[in-house]
Amino acid sequence: QKEVEQDPGPLSVPEGAIVSLNCTYSNSAFQYFMWYRQYSRKGPELLMYTYSSGNKEDGRFTAQVDKSSKYISLFIRDSQPSDSATYLCAMSGLIQGAQKLVFGQGTRLTINP
Amino acid sequence: GAGVSQSPSNKVTEKGKDVELRCDPISGHTALYWYRQSLGQGLEFLIYFQGNSAPDKSGLPSDRFSAERTGGSVSTLTIQRTQQEDSAVYLCASKVETQYFGPGTRLLVL
Chain F
1 QKEVEQDPGP LSVPEGAIVS LNCTYSNSAF QYFMWYRQYS RKGPELLMYT YSSGNKEDGR
61 FTAQVDKSSK YISLFIRDSQ PSDSATYLCA MSGLIQGAQK LVFGQGTRLT INP
Chain V
114 GAGVSQSPSN KVTEKGKDVE LRCDPISGHT ALYWYRQSLG QGLEFLIYFQ GNSAPDKSGL
174 PSDRFSAERT GGSVSTLTIQ RTQQEDSAVY LCASKVETQY FGPGTRLLVL
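Protein chains in written order, with this note's numbering: chain F, 1 to 113; chain V, 114 to 223.
Quick caveat, the hints were computed from the structure, so don't treat them as lab data. Idealized CB from N, CA, C, for every residue including glycine. Among the hints, erroneous ones may be present.
To be verified - Simulated restraints, written as ranges between beta carbons of each label pair:
| no. | chain 1 | residue 1 | chain 2 | residue 2 | range |
| --- | --- | --- | --- | --- | --- |
| 1 | V | T126 | F | N112 | 34 to 40 Å |
| 2 | F | L46 | V | T189 | 38 to 44 Å |
| 3 | V | V209 | F | Y39 | 20 to 26 Å |
| 4 | V | S179 | F | K42 | 23 to 29 Å |
| 5 | V | E127 | F | R41 | 21 to 27 Å |
| 6 | V | G164 | F | L46 | 19 to 25 Å |
| 7 | F | Q80 | V | G129 | 42 to 48 Å |
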């Protein structure tokens, strides 16, 4: 079992739709949760960063963390064609004495005009 | 600089040759990471530097891979005797609280 599971998609939705992207994890030591967006032929860029369970909102993006279920989500409201990219979840924590960061496989998202 | 830079942006080499990939982190970032991303795959951790030392090299796939960092700044990832399976995008990131990635070096081994 992978430490972080993310559906690779691809996911294709019409412009304006609400998008839900999800990751599950197995290690309760993960304490910090991130979402990265990666455009084609570019490096990943940090989109959202959360620590605690609950919701964090930034414009059209909402990151949700449920530590009890080991489940994180990223919601995109009023999706735009410019949101088309690969979205990677990432999580970090102190594991076996070392700070460890693990990425999901990434979900490829296409927003159709 | 404004962000993490990597060079070259693209590299095509022949099987068996050595390659060097360079990363210039954000000024002042003491932590530096190397990852590999194969087509359609997530990020595979390779090595982590804190300053000039590498406390975690656990992701290096074989002894053909090595990395160094000098002056707490620039890092070089070297792949010796390249194989076709080494073809991937090699990403570097530097960090204070969270990681900021460079654009990557696309390596193609023919």
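Which of the numbered hints are not met once you compare them with the structure shown? 2
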